[in-house]
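Undergrad: Chains as they are written, first to last, in this note's numbering: chain A, -3 to 193; chain B, 620 to 924.
Do not take every clue at face value.
[To be verified] Computed cross-link-like contacts, SDA-like style, restricted to lysine to any residue with a CA-CA straight-line distance of at most 20 Å:
(1) K719/B <-> N697/B
(2) K81/A <-> T744/B
(3) K880/B <-> S861/B
(4) K5/A <-> K719/B
(5) K829/B <-> T918/B
(6) K829/B <-> Q628/B
(7) K(-2)/A <-> N697/B
(8) K5/A <-> P729/B
(9) K719/B <-> K15/A
(10) K642/B <-> N697/B
(11) K81/A <-> N726/B
(12) K826/B <-> T631/B
(13) K5/A <-> E911/B
(14) K15/A <-> S745/B
(15) K5/A <-> L91/A
(16) K15/A <-> T744/B
(17) K829/B <-> H807/B
(18) K5/A <-> A723/B
(19) K845/B <-> T866/B
(20) K15/A <-> Q746/B
(21) K621/B <-> M686/B
(22) K81/A <-> L871/B
(23) K81/A <-> R682/B
(24) K880/B <-> K(-2)/A
(25) K694/B <-> I137/A
(26) K81/A <-> R690/B
(27) K719/B <-> G84/A
(28) K(-2)/A <-> H807/B
(29) K(-2)/A <-> T918/B
(30) K(-2)/A <-> K719/B
(31) K5/A <-> E728/B
(32) K(-2)/A <-> E715/B
(33) K719/B <-> R690/B
(34) K15/A <-> E710/B
(35) K5/A <-> H807/B
(36) K694/B <-> P86/A
Hints listed in this document are in silico derivations from the structure and should not be mistaken for laboratory results. Nothing here was measured: the structure is a model prediction, and the numbers come from that model.
Letter by letter, the chains look like this.
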Amino acid sequence: MKAFIHHFKFEFLAGIRNKQLLLLNYLFPLGFYLMLGFIMVEINPPFRENIIPAMVIFGILSATLLGIPDPLVNARENGILRSYKINGIPAVSILIIPALTTILHLIIVTGIITITAPWLFNAPLPIHWTNYCLIFIAAAIACTGLSVLIGVVSPTSRMTILWSQLVFTPSMLFGSSVNITLSLKVPGSPSSALQTR
Amino acid sequence: MKEIVIEVQDFTKTYDDFIAVDKISFDVKSGEIFGLLGPNGAGKTSTLECLEGLREPNGGLVRVAGMIPTREFHKLKNLIGVQLQSASLPESITPEEAVKLFSAYHNVEPRMDLLERLGLAEKRTSQFFELSTGQQRRMALALAVMHNPQVLFLDEPTAGLDVGSRSELHSMMGELQEAGTTIILATHDMAEAEQLSDRVAILLKGKIAKIGSPLEITAAGAGLTKISVRTQSSILLTSEVSFPAVTYSTTLDDYRIYFSKDIGPTVSAIISHIETQKDTLIDLRVERPSLEDRFLEITSTGEIQ
């Protein structure tokens, strides 16, 4: 348990200290959220109804699909996994702990978006909080699992980027529906499920 | 009699059709420092990786502390310490976090004193990528020894280290040896291997070319002992005299240098000659061939024991 706590603490801090992870966990989703909030809400007012679910899903996709696979492949290529194995760190911890810390970062980002969107952009809060939380958790777990899988099966860093982008780009367009209005949103998409009205 | 801690019999490692290690056998006793030498591609790293449980041997028997590394790795991990050739830690981990993390997985108390001893106390909160190469290697060494392993594997431990750190490492190795730790040292630094190792094995194309103490190995060479002589009137520089057992000679500054196969008759003859010529001996130095000389001889001739 002590080992798990130390490992979890380190991985969580790495998600903030590491510039690439800081970008993908926080700066990119929150920066994009602010940019769309200030621009899209002005030119397309109905978007404010969609901004919370759209940006939460976007944050999940960014932190997981772009943030998880590459460090896993780099760790394998640079001998970090070997070093971990020799020192008795189980493979399951190497895969699960970064995934769990990413989910914790996502909870923080989701919290920031959910709290600030009504105040900044007059966005409506979710009506069904239980559904909102459950769907957030389901989407986070699904995307994290997929990202870990990409990290495990990718032979090189270059292939990882290709695989990640291949999943991220269409998922962002159709999953988070960031650039389409509520009425045109893809039925059954995660952001539809997180719908606030 | 000391117990055998590492036992290797007819060990073979192949990668597809390439034979990296070809039926080598050796054993290492408790508390021994065993040097593993060889040119690049000789099979040192493959041997180490199989001993550490990172790779499965393709043939033969490998035992460390009585265990087969790949099968009983969960037990073995607390008995071995490994300093890998490339310092491999996540770039954002700090030395303090790494010590806490790895000691927790080894189930021992974190030893922050090691950071101080290895000159990393001031860098304890710096991220790994901010450390210099030498500091990264010292970090890897601290992690390898912090759980007091029974067997320590050091792969090029002094590469990139400054003189002070190198000396600290050597003294630490001496202390570990006194405490009964068996050390396997893979290195390209022949002087280090000669100075520290009780025995060395020279690997060549996947086979053991020579195994024994550094003294045994150097004594068994072509025997070109270097004898440097300086006299007051430089009689040896002005006249060409052939002495017994001398293979060839040369001149360096005021010294006449002879390379002899048998130093006894050569030195006697040189001294007699100086006395006969009424010259005065100022300096006479005898240098046995070093392990490096012997290593170069073995690798160039492809000599296998």
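Undergrad: Has the given pair, K642/B with N697/B, been kept, meaning a C-alpha gap of at most 20 Å?
TA: With Cα atoms ~28 Å apart, K642/B and N697/B exceed 20 Å; violated.
Undergrad: Within a Cα-Cα threshold of 20 Å, do K719/B and N697/B meet the stated pairing?
TA: Satisfied, since the Cα-Cα distance of roughly 15 Å is no more than 20 Å.
Undergrad: K829/B and H807/B: Cα distance at most 20 Å?
TA: holds (15 Å)
Undergrad: Quickly compare the C-alpha distance for K5/A and H807/B to 20 Å and report which way the hint goes.
TA: violated (39 Å)
Undergrad: For the pair we were handed, K5/A and L91/A, check the Cα-Cα distance against 20 Å.
TA: holds (15 Å)
Undergrad: Hint check: K694/B vs P86/A, CA-CA at most 20 Å. Holds or violated?
TA: Roughly 13 Å between the alpha carbons, so the hint for K694/B and P86/A holds.
Undergrad: Taking 20 Å as the top limit, are the C-alpha atoms of K15/A and E710/B close enough?
TA: Within the cut-off at roughly 11 Å; holds.
Undergrad: Does I137/A sit within 20 Å of K694/B, going by the straight-line distance between their CA atoms?
TA: Between K694/B and I137/A the Cα gap is close to 33 Å, so the pair fails against 20 Å, i.e. violated.
Undergrad: Measure nothing beyond the straight line between the CA atoms of K(-2)/A and E715/B; if it is 20 Å or shorter, mark the hint as holding.
TA: Roughly 15 Å between the alpha carbons, so the hint for K(-2)/A and E715/B holds.
Undergrad: Measure nothing beyond the straight line between the CA atoms of K81/A and R690/B; if it is 20 Å or shorter, mark the hint as holding.
TA: holds (14 Å)
Undergrad: Please work out if K5/A and A723/B have their alpha carbons no farther apart than 20 Å.
TA: Answer holds: K5/A to A723/B is near 13 Å, not above 20 Å.
Undergrad: Given the hint that K(-2)/A pairs with H807/B, does the C-alpha gap stay at or below 20 Å?
TA: violated (39 Å)
Violation of the numbered hints given earlier is confined to hints 2, 9, 10, 13, 22, 24, 25, 28, 29, 33 and 35; the remaining hints are satisfied by the structure.
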